[in-house]
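Q: From first to last, the protein sequence lines stand for chains A and B. Each residue of the first sequence is one higher than the one before, starting from 0 at the first, in numbering that gives the first Met the number 0. Each residue of the second sequence is one higher than the one before, starting from 0 at the first, in numbering that gives the first Met the number 0.
Keep in mind that the hints were calculated from the coordinates and are not lab data. Since this is a predicted model, take the numbers as computed values, not measurements. Keep in mind that the hints are not guaranteed to be accurate.
[Unchecked claim] Pairwise CB distance ranges (calculated): (1) B:Thr26 <-> A:Ala276: 53 to 61 Å; (2) B:Asp92 <-> A:Thr393: 50 to 58 Å; (3) B:Glu106 <-> A:Leu382: 18 to 26 Å; (4) B:Pro67 <-> A:Phe373: 24 to 32 Å; (5) A:Leu301 <-> B:Pro67: 37 to 45 Å; (6) A:Val343 <-> B:Asp92: 14 to 22 Å.
[Said to hold, decoys possible] To give an idea of the chain A side of the interface with chain B (calculated C-beta under 10 Å), a few residues: (7) Leu342; (8) Glu345; (9) Leu385; (10) His387; (11) Arg394; (12) Ala398; (13) Met439; (14) Ala503; (15) Arg527.
All C-beta atoms, glycine included, are put in the ideal place defined by N, C-alpha and C.
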Amino acid sequence: MASLAAESIVRDGDAPDAHARLAELERALADEIRKTDTLARVSEAVASSIDIDNCVQVVIDGAREISGAAFGAFFYNLVDAEGESYTLYRLSGAPPEAFASFPMPRKTAIFAPTFDGVGVVRSDDITQDPRYGKNAPRKGMPEGHLPVRSYLAIPVSTRQGEVLGGLFFGHPEPGRFSVRDEALLVGLGAQVAATIESIKLNAGALAELTQRRRAEERLKFALDSGRMGSWDLDVATKAYEASDLCKANYGRRPDETFTFADLIETIHPDDRPRILASIESAIRDGAEYDVEYRVVHPHGDLRWLHARGRAAQTADDGGVRRLAGVSLDITERKRAEERQKLLVNELNHRVKNSLATVQSIAAQTLRSVAAPEFFRDAFETRLIALSHTHDLLTRESWAGASLREVFDVELHAMAGEDRVTFDYPADVRLNPKAAVALGMGIHELATNAVKYGALSIPEGRVKVDWAIEDGVLRLIWTETNGPPVTPPARRGFGVRLLERGLAAELSGGVELTYDAAGLVCQMALPLRALEP
Amino acid sequence: MTALSSLKVLVVEDEALVSMLVEDMLTDLGCSIVGPAAEIEEALRLAGSADIDAALLDVNLGGRPIFPVADALKARGVPFAFASGYGEAGLTDDHRGATVLQKPFREADLRRVLETLVAKTTA
Chain A
0 MASLAAESIV
10 RDGDAPDAHA
20 RLAELERALA
30 DEIRKTDTLA
40 RVSEAVASSI
50 DIDNCVQVVI
60 DGAREISGAA
70 FGAFFYNLVD
80 AEGESYTLYR
90 LSGAPPEAFA
100 SFPMPRKTAI
110 FAPTFDGVGV
120 VRSDDITQDP
130 RYGKNAPRKG
140 MPEGHLPVRS
150 YLAIPVSTRQ
160 GEVLGGLFFG
170 HPEPGRFSVR
180 DEALLVGLGA
190 QVAATIESIK
200 LNAGALAELT
210 QRRRAEERLK
220 FALDSGRMGS
230 WDLDVATKAY
240 EASDLCKANY
250 GRRPDETFTF
260 ADLIETIHPD
270 DRPRILASIE
280 SAIRDGAEYD
290 VEYRVVHPHG
300 DLRWLHARGR
310 AAQTADDGGV
320 RRLAGVSLDI
330 TERKRAEERQ
340 KLLVNELNHR
350 VKNSLATVQS
360 IAAQTLRSVA
370 APEFFRDAFE
380 TRLIALSHTH
390 DLLTRESWAG
400 ASLREVFDVE
410 LHAMAGEDRV
420 TFDYPADVRL
430 NPKAAVALGM
440 GIHELATNAV
450 KYGALSIPEG
460 RVKVDWAIED
470 GVLRLIWTET
480 NGPPVTPPAR
490 RGFGVRLLER
500 GLAAELSGGV
510 ELTYDAAGLV
520 CQMALPLRAL
530 EP
Chain B
0 MTALSSLKVL
10 VVEDEALVSM
20 LVEDMLTDLG
30 CSIVGPAAEI
40 EEALRLAGSA
50 DIDAALLDVN
60 LGGRPIFPVA
70 DALKARGVPF
80 AFASGYGEAG
90 LTDDHRGATV
100 LQKPFREADL
110 RRVLETLVAK
120 TTA
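One chain only, chain A, in its complex shape (with noise of 0.2 Å):
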């Protein structure tokens, strides 16, 4: 390159003075050094530049350096995050000031082929080119513009053809840029752009990673949320990756070793074959993993586990590669299930004898009415009687209830609770079946009294005792005050139910007895048949 400028310099004249001439040989060429020195330095910080601004001014600082223009400035192209379009620039041998007044540069002929990228105009003096002053309302610099003659413009583009913006220089006196300048700068120029591309590149995969990393943290929050492990299966390989909480649903530590034969040898034996099955078909045809299995832990604990998954990467041959998925201890909704079946199944149970009850009751009342007629009214009443020793035991969830309770709501029923009084030492606990059929013999006690007993009359009165003797519980009805009884005709529904019916089913004796002065009944249960 030296010996261009060197041969331009001999053949232009015939300077008498060889040593002037070695002399300005000798300028050019440490000139000529200067300039690559300072293009190399400037490549240099260019290449290593990771902020757009801070490169280009490092390139306009050099370009000027290099060229000895007085003026430098890059106009650049960004796009802000509405998407619009700035001109923004930076500048060298002038302050910010020299442009603040001026709006961003138009596309005048003078400025457009750098905009669009079409080339680079280098003129001697700009003022005589003929594009110059061809543009209103101006018709050339406007005034305060900085003063230019000289000047090159360079295209700042991608290699796609993208104009990324322009490099300008300016000198006030004209003829001071050479086409050696200009091929140096244009070289810058090229650097710039693939330095420019490369930041806004490594920004762009920068933000990719940042998004890629809170989207992996996201999955990892929630994948831990809902205590969900994490498993990959390398199909060819069998090389099996398991998460923490993957290998913890197979009682595994975090730092132990977790294979696919070990994953394999921890399922329930009864469960493997089916496992090993759908593993197989997940491979074979894709389909989709989704299976409960038992596992034993390596200390015996038994678990249930849900595991799901699906082919994450597909071989060329169109066979998986991979197979992905999460897996999540189930033990406890497993064991909730039982439960639930359970329950629904004791439901069941005790709506079909409670059906049972309600056809005894109706066929047993239809045997003892006088008349049909009379069948609704004890029906119901019955019926309701049953229904309160429900609700009862509903409130206890059906563990039990006490026989002062069974007493109340079967009394309160028949409206007649304060004219019967109680003397007990303790109330006695009841288990369901006892509490069911005591209420059913109470209900038929109190509606005998208030219909033909004590409390048919005002001034009737019922006592009722209980004491507890060897394990029996002793208890006794006694109404006095009462209209003159007599033993019924023929017995009815209660009678059968008190005498038959409740000293079978609670294992003791119940006697009736027709006292004149009212009745009399006395039960003696044993505790054990009546107890939870």
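Assemble the complex: chain A is given as a structure, and chain B must be docked to it using the hints.
A: Then chain B, alone, in the frame of chain A:
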């Protein structure tokens, strides 16, 4: 039905009202009632020694399963049917396939079951 008249049927049922209904049904069918037993001990005693032709067993006797009684009857060759709100689902594996009367049942259902039981013994 003459086949059932004077048939001695052991009734094991712990609910008074249901027991009374079954007794009425059996009486209507001409059977004579053994029991009714409401407790396992009493049921076992009757199943082991009483003079019975057939038995009707409530599956759940105050929370205790009836199966020891069923086993005792089986040993004596006495035919029996379970009466249960659970249906067949409440039976143990040993007794799966046994005759089950689902509660509530009609007198006609009880008659049919007893006839089947009697036919089994005479066959």
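Q: Next, verify each hint and record whether it holds.
A: Hints, verified against the model:
For the pair Thr26 of chain B and Ala276 of chain A, the supplied restraint of 53 to 61 Å holds, since their beta-carbon distance comes to about 59 Å. The supplied range of 50 to 58 Å is broken by Asp92 of chain B and Thr393 of chain A, whose beta-carbon atoms lie about 33 Å from each other. Between Glu106 of chain B and Leu382 of chain A, the C-beta spacing of about 21 Å keeps the proposed range 18 to 26 Å intact. Remark: the range hint 24 to 32 Å for Pro67 of chain B to Phe373 of chain A is contradicted by a beta-carbon distance near 44 Å.
A beta carbon spacing of about 31 Å between Leu301 of chain A and Pro67 of chain B contradicts the range 37 to 45 Å that was offered as a hint. Between Val343 of chain A and Asp92 of chain B the C-beta distance comes to about 21 Å, which sits within the given range of 14 to 22 Å. Using the Cβ-Cβ criterion of 10 Å, the hint placing Leu342 of chain A at the interface with chain B is not satisfied: the shortest such distance is roughly 13 Å. Taking 10 Å as the C-beta contact cut-off toward chain B, the hint placing Glu345 of chain A at the interface holds, the least distance being around 9 Å.
Nearest Cβ of chain B to the Cβ of Leu385 of chain A: about 9 Å, under the 10 Å cut. The hint holds. Interface hint status for His387 of chain A: violated, as the beta-carbon distance to the closest one in chain B is roughly 15 Å, over 10 Å. Nearest Cβ of chain B to the Cβ of Arg394 of chain A: about 20 Å, over the 10 Å cut. The hint is violated. The closest approach between the C-beta of Ala398 of chain A and any C-beta of chain B is roughly 12 Å, which is over the 10 Å cut-off, so the hint fails.
The closest approach between the C-beta of Met439 of chain A and any C-beta of chain B is roughly 7 Å, which is under the 10 Å cut-off, so the hint is satisfied. Taken as an interface hint, Ala503 of chain A checks out: its beta carbon lies about 6 Å from the nearest beta carbon of chain B, inside 10 Å. Contact between Arg527 of chain A and chain B, as hinted, is supported at the beta carbon level, the nearest pair being about 9 Å apart and thus within 10 Å.
In this structure, the earlier hints numbered 2, 4, 5, 7, 10, 11, 12 are contradicted, and the remaining ones agree with it.
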